[in-house]
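A.B. asks: So the chains spell out like this:
2 protein chains.
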Amino acid sequence: MKCRFCNSPSYVEIRYPKKINLCKEHFIEYFEDRVKKSIEKYKMLNKDEKILVAVSGGKDGHVAAWILKKLGYNIELFHINLGIKGFSDESLRAVKALAERLNTPLHVVDLKEITGKTIEDIRGKKCSICGITKRYLMNKFGYERGFDVIITGHNLDDEISFILNNVLNWNIRYLAKHEPVLPAHDKFLKKVKIFFEIDEYLILKYAEAEEIPFTTVKCKFAEGAITLKHRDYLNELEKERSGIKLQFLYGYMKNRHLFKVEEEDFQFRECEVCGMTSAGKICSFCRVWKLYKKKRKKENNKGK
Amino acid sequence: MKCRFCNSPSYVEIRYPKKINLCKEHFIEYFEDRVKKSIEKYKMLNKDEKILVAVSGGKDGHVAAWILKKLGYNIELFHINLGIKGFSDESLRAVKALAERLNTPLHVVDLKEITGKTIEDIRGKKCSICGITKRYLMNKFGYERGFDVIITGHNLDDEISFILNNVLNWNIRYLAKHEPVLPAHDKFLKKVKIFFEIDEYLILKYAEAEEIPFTTVKCKFAEGAITLKHRDYLNELEKERSGIKLQFLYGYMKNRHLFKVEEEDFQFRECEVCGMTSAGKICSFCRVWKLYKKKRKKENNKGK
Ligand SMILES: [Zn+2]
Ligand SMILES: [Zn+2]
Ligand SMILES: [Zn+2]
Ligand SMILES: [Zn+2]
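Here the protein sequences line up with chains B and L, keeping their order.
For what it's worth, the UniProt record's numbering labels the leading residue of the first sequence as 1, then goes sequentially.
For what it's worth, the UniProt record's numbering labels the leading residue of the second sequence as 1, then goes sequentially.
Because the hints were derived from the structure by calculation, they are not lab data.
Wrong hints could be hidden among the right ones.
Where chains are identical, the list cannot tell them apart; a pair therefore holds if satisfied intra-copy or between any two copies.
As the list claims (entries may be wrong) - With a straight-line cut-off of 20 Å between C-alpha atoms, the simulated SDA-like cross-links for lysine to any residue are:
#1 Lys69 <-> Thr277
#2 Lys19 <-> Tyr292
#3 Lys260 <-> Arg173
#4 Lys260 <-> Leu106
#5 Lys239 <-> Glu223
#6 Lys229 <-> Arg4
Note that the structure is a prediction, hence the values are computed from the model and not measured.
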């Protein structure tokens with residue numbers, strides 16, 4: 001197969017909305033154009049914003065940083081060392097390689113230094129605690145350092161398998177909440193998913209085409225079989241009917257208002273422990289890592 | 001493995017809500033009890049109702065008829081000869097065998113006699129036309145012969161794969177419409193799905209345990225790969241988490257009101273061609289089979 005636009009061999013077959021084959025060079029152009037169009041469509045970013053990109057070491061965040069840099073945005077990188085054996089070291093290596101290639105400031109925060117513990121140490125649902133932790137630390141860092149927006153690498157496949165999971169479990173509250181841009185409020189920075197509409201497969205192909213450093217090592221605590229089944233299923237459907245994944249997302253966007261039932265009437269306030277914006281007295285980060293105990297101890301020590 | 005209640009070998013493993021093994025005899029008891037409980041829970045049927053059971057030749061309708069007869073309901077069988085080569089003959093044979101075993105009246109309606117055509121002859125979406133046709137003919141027959149209720153063999157897997165498909169395509173109108181009992185209105189009879197909550201696999205095991213005659217020949221026009229993928233996916237999830245199929249259905253039932261958006265304000269009326277209840281001037285059956293042309297021809301001939 002030849003590229004649709006030149007005589008070079010096909011590197012990728014795009015299947016939707018039209019079936020076209022693209023060589024490596026034309027694919028890179030195509031991919032960057034798709035991302036640019038997403039950014040415009042959802043008014044995701046401005047060139048004068050100070051942007052913090054979350055990089056875990058995996059392809060999605062790395063490609064996000066890469067392409068934003070290439071498109072001329074003002075970015076810096078943010079990484080959390082979670083202290084997971086056989087994963088965190090490898091991740092850090094990949095992140096450093098990326099920062100060097102991009103010649104971009106890299107900020108690394110060490111979970112153990114902040115909480116006294118690593119993800120390894122914690123009991124219970126590691127994935128959900130890890131999610132809370134990353135969102136919190138990243139937001140706090142960005143807020144304190146004067147960034148305007150946080151970028152994460154969530155892609156189309158992440159979004160739709162999350163939506164599907166919430167439908168299967170009828171988590172109505174979560175179903176109202178997927179969007180490419182979450183506006184800033186209180187001490188929460190604006191959050192943007194630049195790959196909201198972009199297929200994971202294309203991100204991988206772009207990473208390979210551009211020879212972007214990233215690691216494929218997976219966290220040993222990574223989500224279980226069910227999430228993988230959602231992804232496999234949606235990709236199986238996509239094989240039968242090209243575009244169904246994107247159409248599912250668009251249909252969701254059009255109908256998500258149906259799930260906005262209980263108007264959330266509560267006020268955000270400041271966490272009593274850390275002072276960041278919180279829905280309750282103590283924010284979920286401080287609760288999960290039991291930082292109120294630490295604080296109490298400190299106060300008790302002061303009292304003596 | 002032994003039966004939980006006796007010393008006989010296990011015939012079926014029930015996985016939800018508790019894991020139990022049952023011998024053939026105790027499984028039959030269990031299955032009939034489950035169906036009885038569904039009938040009570042949703043107030044599906046009364047013993048004094050005249051019940052028409054749709055039998056296609058496949059296991060679901062056959063098991064429905066079998067168990068209702070066993071439970072002492074007043075049933076008769078209804079079958080439509082669709083005129084599909086290699087399928088309809090085999091189906092009719094199975095249906096006749098069932099009627100004989102149950103010693104129950106069987107009514108067979110021939111599509112070609114009514115419309116002049118078979119499903120083979122029709123162009124376009126055969127499955128959806130077949131669905132319209134079956135619903136219409138069965139309702140008309142039941143209405144004219146004084147039946148109170150129509151039973152179809154739709155099972156849990158049918159329901160949830162249909163719901164899932166409607167979610168994937170965001171067919172909001174259809175999403176408000178799944179229920180085990182559809183009350184009668186105008187010339188529409190009450191319609192009941194007694195296997196609304198019953199797993200297809202258990203229906204098959206019951207059919208085999210009771211040695212109920214049925215055919216496994218599939219219609220060559222049967223729904224495509226996508227529907228099968230929905231079913232496979234849901235069964236894969238069930239393997240990971242027992243009960244997820246049923247919980248998905250229950251969650252749907254609890255939340256389906258969310259999809260009732262546009263209040264349907266139209267009046268039902270009588271089809272101008274056949275006189276049955278219809279949403280439009282001409283009912284979908286008469287439209288699909290172009291019976292208005294026939295009528296017009298007749299009238300033209302009369303006029304001469
Ligand atoms: Zn090319
Ligand atoms: Zn806090
Ligand atoms: Zn037994
Ligand atoms: Zn009609």
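A.B. asks: A separate judgement is required for each hint: does it hold in the structure or not?
C.D. replies: Tested hints:
1. Lys69 <-> Thr277: neither (30 Å within a copy, 64 Å between copies)
2. Lys19 <-> Tyr292: neither (56 Å within a copy, 42 Å between copies)
3. Lys260 <-> Arg173: both (7 Å within a copy, 18 Å between copies)
4. Lys260 <-> Leu106: neither (38 Å within a copy, 50 Å between copies)
5. Lys239 <-> Glu223: Intra 24 Å, inter 17 Å, cutoff 20 Å: inter-copy only.
6. Lys229 <-> Arg4: neither (34 Å within a copy, 32 Å between copies)
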